[in-house]
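**Q** Read off the chains here:
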Amino acid sequence: MQYLSIKKEEWDKAIEQLLLSYTIFAAVDNEFGIDYEIVSPENVSGISYNKAKPATSLKTFFLPVKENVTSGASLKRQRVIIGAPNCDIQGLKLLDEIYLDKDFYDIFYQERRENTIIISIDCFDKQEHCHCSSYGIKPWSDADADLSVIRTGDLIVLRIITPKGEKFINQFSLVQVLTDKNIISEIDKSHSKAESLLIESNKGLPDYKATGVIVKNADDEIWKKYSTNCVSCGACATICPTCSCFLLIDKPGFEKIKQLDACQYPGFERVAGGEDSLGELPRRFRNRYMCKYVWKPQKFSSIACTGCGRCIEACIGKINKNELFMELAPGRS
Amino acid sequence: MTNTKNIYKPIKAKLTEVIDESPLIKTFVVVPEEEFSFGTGQFIELSVDGIGEAPFTPSSSPHVTDKLEVTVMKTGYVTEIMHNLKPGAYMGIRGPFGRGYPVEKFFGKEVIILGGGCGLAPIRSLLFALEHVKDNLEKVILCYGSKTPTDCIYKPLFSRLNSIDKFEAYRTVDRADDEWDGSVGVVTTLLNKIKVDLKNSIAVVCGPPIMMKFGTIRLLEMGYKDDQIYLSMEKNMSCGLGKCGHCMMGEFFVCKDGPVFTYNELRNTPDIWK
Chain A
1 MQYLSIKKEE WDKAIEQLLL SYTIFAAVDN EFGIDYEIVS PENVSGISYN
51 KAKPATSLKT FFLPVKENVT SGASLKRQRV IIGAPNCDIQ GLKLLDEIYL
101 DKDFYDIFYQ ERRENTIIIS IDCFDKQEHC HCSSYGIKPW SDADADLSVI
151 RTGDLIVLRI ITPKGEKFIN QFSLVQVLTD KNIISEIDKS HSKAESLLIE
201 SNKGLPDYKA TGVIVKNADD EIWKKYSTNC VSCGACATIC PTCSCFLLID
251 KPGFEKIKQL DACQYPGFER VAGGEDSLGE LPRRFRNRYM CKYVWKPQKF
301 SSIACTGCGR CIEACIGKIN KNELFMELAP GRS
Chain B
1 MTNTKNIYKP IKAKLTEVID ESPLIKTFVV VPEEEFSFGT GQFIELSVDG
51 IGEAPFTPSS SPHVTDKLEV TVMKTGYVTE IMHNLKPGAY MGIRGPFGRG
101 YPVEKFFGKE VIILGGGCGL APIRSLLFAL EHVKDNLEKV ILCYGSKTPT
151 DCIYKPLFSR LNSIDKFEAY RTVDRADDEW DGSVGVVTTL LNKIKVDLKN
201 SIAVVCGPPI MMKFGTIRLL EMGYKDDQIY LSMEKNMSCG LGKCGHCMMG
251 EFFVCKDGPV FTYNELRNTP DIWK
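These protein sequence lines are chains A and B, in that order. Each residue of the first sequence is one higher than the last, beginning at 1 in the numbering used here. Each residue of the second sequence is one higher than the last, beginning at 1 in the numbering used here.
Since the hints were derived computationally from the structure, they do not count as laboratory data. Just to be clear, a hint being listed does not mean it is correct.
The list that follows gives simulated cross-link-like pairs (lysine to any residue, SDA-like), each with its CA atoms no further than 20 Å apart [unchecked claim]:
#1 B/K274 x A/A14
#2 B/K74 x A/Y105
#3 B/K5 x A/G273
#4 B/K5 x A/A272
#5 A/K251 x B/I7
Only part of the chain A face toward chain B is listed, based on derived beta-carbon distances under 10 Å [as the list claims (entries may be wrong)]:
#6 E37
#7 P41
#8 E42
#9 T60
#10 F61
#11 F62
#12 S71
#13 K93
#14 D96
#15 I98
#16 Y105
#17 S244
#18 P282
#19 K296
Per label pair, the in silico range of CB-to-CB distance [claimed, not checked]:
#20 B/I51 x A/Q17: 48 to 54 Å
#21 B/E34 x A/G273: 28 to 34 Å
#22 B/I51 x A/N115: 30 to 36 Å
#23 A/I38 x B/I51: 24 to 30 Å
Each residue gets a CB set at the ideal place from its N, CA and C atoms; glycine is no exception.
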């Protein structure tokens, strides 16, 4: 894969120039950690590179928490997102399968996808609960994003992934082909280091397929035990890059509001008359695991847990799904 | 590829008639403002403006396309408000959704239909569809059960069915009254009364979960194979598009992969009767 480069200073200037034609979001390192912000001349120099994931998942850009799906406004400008980690990009593939399904296209999702250029970052480090590698996902992207960006010293190094990414980068007149083999070798080393870190810190964690078997065979006691601290707040589903269930709310004029929903909320499956197959907390709790590791893999080709670890970070009950998997991992008793 | 159809937007339909079927059940006759057709067993989302929508399988013939009938039991918030609507009101329709009854697969066969309670609504649509192709069928037998005679909807339907060549219809109730002339007992007891050529028969089951469970068990006992039994499943179908997740049953979206499944497709899915 060909690498391109541009001086960091020139890159920042070019991004500033592009603010005239695009709405640009980027992962920015601020006092609270890394999260997406709208880029402006004031924060362009604070864009985060090479660091593991923003707090918010990429899903948010394509599935807003709430939107009018009968008379919603369309995107006025093209968007650029800088700083999407590969875990989120892999999660987006599942959302594409669901929302760009050939039978029922979601035109709102489709428009956002078509009008967004995704620039991924390479994670050269990991956060505490990152475990993408356990599920076969690399901490950098060489497919599925449009471009990837790495910072090495005062250079920005780019990899073109799609024609859309190439068209975007053609606007940067000062971009050159990177020929310095030392830099490329350093990048390769950083990739290997990040992967080793992930593998080392997640030793013993079952892979995605084995997790499916564990979840399917787990008994009621396990679900009771791990759901004890669950308060059904739905933070795990809200923060998840692949959870995308929603509710349609009617408004006068036959308008529909589509609002993100979660199977962790009581009443998710309740029908008229009161029957609720997920009425009990342990059943709801189990449902999310079954959906992610058993049912979605049966139905779709993309992974429904990308190992981003955000659900563990977001849980106010301090529930760690990986502790459940480790407890039931083969070879343990 | 750019699509422009908005899958979430309902079409308006004028309510032209409201038929009282039982104290809790009404049939709404609606005329859609745009071209609309459905396959028997498919469902629609019917909405009350600004209030909410709920899934129903139309109870009318799929061959009648200028209007459709939807039979609604008063069970919850939306259906209660629906029951107060008067002719002239506008409702919203989205759909049709899902996989209905594969009528052509029934050609040359006996069709045994086991129905319970409000499950007769989709069955009535199926019966109209089967009547339309009766020359291609061996026979059609309806076994229907309700709690009491007043819960038994579409009363004229039974005498009409029994007058159609190749059609037979039987009724039973859990609790009879003095005027009741049908059987008494659960719906599966009606299966003892009919003669079927097992090898050349398919069975359709539609009704409350408990009835579907025991109906399926009885049919299996009779010798029906898993793929000869068609079940019309019901969950909290909301979007109808296989996206919102409310109707997931194992890996299936009932709204898109169903609502009609063969028992063979569902036999390994846990909790299907819940």
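**Q** State for each hint whether it applies.
**A** Each hint tested on the structure:
Annotation: proposed proximity of B/K274 to A/A14 is violated, straight-line Cα distance about 58 Å (limit 20 Å). A C-alpha spacing of about 33 Å is found between B/K74 and A/Y105, which places the hinted pair above 20 Å, so the restraint is violated. Note on B/K5 and A/G273: the hinted pairing is violated, with a Cα-Cα distance of about 33 Å set against a maximum of 20 Å. A threshold of 20 Å between alpha carbons decides the hint, and for B/K5 with A/A272 the separation of about 30 Å lies outside it, so the pair is violated.
Simply put, A/K251 and B/I7 have alpha-carbon atoms about 17 Å apart, close enough for the 20 Å limit, and the pair holds. The interface hint given for A/E37 is broken, as the beta carbon of that residue sits about 29 Å from the closest beta carbon of chain B, more than 10 Å. The interface hint given for A/P41 is violated, since its Cβ lies 34 Å from the closest Cβ of chain B, which is over the 10 Å cut-off. Taking 10 Å as the C-beta cut-off, the interface hint given for A/E42 is violated, the closest approach to chain B being about 36 Å.
For the restraint placing A/T60 at the interface with chain B, the shortest Cβ-Cβ distance is roughly 17 Å, beyond the 10 Å limit, so the hint is violated. A cut of 10 Å between beta carbons decides the hint on A/F61: the least distance to chain B is about 18 Å, and the hint is violated. Restraint check, A/F62 versus chain B: the minimum CB separation of about 13 Å is more than 10 Å; hint violated. For A/S71, the interface hint holds, the least distance from its beta-carbon to any beta-carbon of chain B being 9 Å, beneath 10 Å.
Checking A/K93 against chain B: minimum C-beta separation of about 16 Å lies over 10 Å; hint violated. A hinted interface residue such as A/D96 counts as satisfied when its beta carbon comes closer than 10 Å to some beta carbon of chain B; here the least separation is about 12 Å, so the hint is violated. Interface restraint check: A/I98 against chain B, minimum CB-CB distance 6 Å, threshold 10 Å, status holds. The closest approach between the C-beta of A/Y105 and any C-beta of chain B is roughly 4 Å, which is under the 10 Å cut-off, so the hint is satisfied.
The beta carbon of A/S244 is positioned within 10 Å of a beta carbon in chain B (closest approach about 7 Å), and the interface hint is therefore held. Proximity of A/P282 to chain B is violated relative to the hint, the smallest CB-CB distance being about 13 Å (cut-off 10 Å). For A/K296, the shortest C-beta to C-beta distance to chain B is roughly 7 Å, which falls under 10 Å, so the interface hint holds. The hinted range of 48 to 54 Å is satisfied by B/I51 and A/Q17, whose Cβ atoms lie roughly 50 Å apart.
At roughly 31 Å, the beta-carbon separation of B/E34 and A/G273 lies within the given 28 to 34 Å, and the hint holds. For the pair B/I51 and A/N115, the beta carbons lie near 34 Å from each other, so the given range of 30 to 36 Å is met. One distance hint, 24 to 30 Å for the beta-carbon pair A/I38 and B/I51, is violated here, with the actual separation near 37 Å.
Comparing the model with each earlier hint shows violations of hints 1, 2, 3, 4, 6, 7, 8, 9, 10, 11, 13, 14, 18 and 23; every other hint is respected.
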